[in-house]
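**Student:** As you go down the protein sequences, you meet chains A and B in turn.
Numbering follows the working numbering, in which position 104 of the first sequence is assigned residue number 104; successive positions increment by one, without gaps.
Numbering follows the working numbering, in which position 102 of the second sequence is assigned residue number 212; successive positions increment by one, without gaps.
Just so you know, the hints here were simulated from the structure itself, not pulled from any lab data.
Using N, Cα and C, we set each Cβ at its ideal position, and we do this for glycine too.
Among the clues, some could well be false.
[To be verified] Have a look at the derived ranges for each label pair, beta carbon to beta carbon:
id	chain 1	residue 1	chain 2	residue 2	range
1	B	119	A	110	29 to 35 Å
2	B	221	A	68	25 to 31 Å
3	A	59	B	186	27 to 33 Å
4	B	191	A	67	43 to 49 Å
5	B	113	A	59	21 to 27 Å
6	B	176	A	32	26 to 32 Å
7	A	29	B	148	44 to 50 Å
8	B	181	A	57	34 to 40 Å
9	B	190	A	56	18 to 24 Å
10	A	110	B	132	38 to 44 Å
Below, each chain spelled out in residue letters.
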Amino acid sequence: RKEVEQDPGPFNVPEGATVAFNCTYSNSASQSFFWYRQDCRKEPKLLMSVYSSGNEDGRFTAQLNRASQYISLLIRDSKLSDSATYLCAVNEGGGFKTIFGAGTRLFVKA
Amino acid sequence: GAGVSQTPSNKVTEKGKYVELRCDPISGHTALYWYRQSLGQGPEFLIYFQGTGAADDSGLPNDRFFAVRPEGSVSTLKIQRTERGDSAVYLCASSAPSQQFFGPGTRLTVL
Chain A
1 RKEVEQDPGP
11 FNVPEGATVA
21 FNCTYSNSAS
31 QSFFWYRQDC
41 RKEPKLLMSV
51 YSSGNEDGRF
61 TAQLNRASQY
71 ISLLIRDSKL
81 SDSATYLCAV
91 NEGGGFKTIF
101 GAGTRLFVKA
Chain B
111 GAGVSQTPSN
121 KVTEKGKYVE
131 LRCDPISGHT
141 ALYWYRQSLG
151 QGPEFLIYFQ
161 GTGAADDSGL
171 PNDRFFAVRP
181 EGSVSTLKIQ
191 RTERGDSAVY
201 LCASSAPSQQ
211 FFGPGTRLTV
221 L
């Protein structure tokens, strides 16, 4: 089993749709969780950190479920500019080693 | 700019050659990471520096790979006897304290 797993997609959604991605992790000692966005042939950029209480930033909501060992990202009112690959990342407990999932591709169409 | 920079942006080499990839982190960032990313995959952790020392090098695939950060700023990833399977984008990131900022990467192609 991979340490961090994501559905690769692609997710094809119309503008204005709500789309959700999940990411599962295997190390129960993991402490920190993140969502990154990566555009084609570009570097990853931090989208959101994921906190135990959940957090929201505009159209984006991230949640953590420690019991089931997954994190989620919800995008509301999708825009064409949201088209990208979304990577989840997990820091292993006690350290700074970051494990990334393979990413979920999102295409938002007009 | 004030972001992470990496040089070269592209490197083409022949199997068996030695390469060095350079990373200039954001000024003041004490933590520095190296990753490699293959097509369709997420970044794969290679090594993490805190200051000058390698705090975690568990991701280095074998002893052909080595990285240094002698003055706690610029880092160099060194790959000996390159193999075709080493072809990937090598990403560097720096952070302080926890958010990682990535450089644009070096695309390494081993022929």
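**Student:** Taking the hints in turn, state whether each one holds.
**Tutor:** So, going through the hints one by one against the coordinates:
no., hint, result
1, B:119 / A:110: 29 to 35 Å, "holds (33 Å)"
2, B:221 / A:68: 25 to 31 Å, "violated (46 Å)"
3, A:59 / B:186: 27 to 33 Å, "violated (40 Å)"
4, B:191 / A:67: 43 to 49 Å, "holds (46 Å)"
5, B:113 / A:59: 21 to 27 Å, "holds (25 Å)"
6, B:176 / A:32: 26 to 32 Å, "holds (28 Å)"
7, A:29 / B:148: 44 to 50 Å, "violated (27 Å)"
8, B:181 / A:57: 34 to 40 Å, "holds (36 Å)"
9, B:190 / A:56: 18 to 24 Å, "violated (47 Å)"
10, A:110 / B:132: 38 to 44 Å, "holds (42 Å)"
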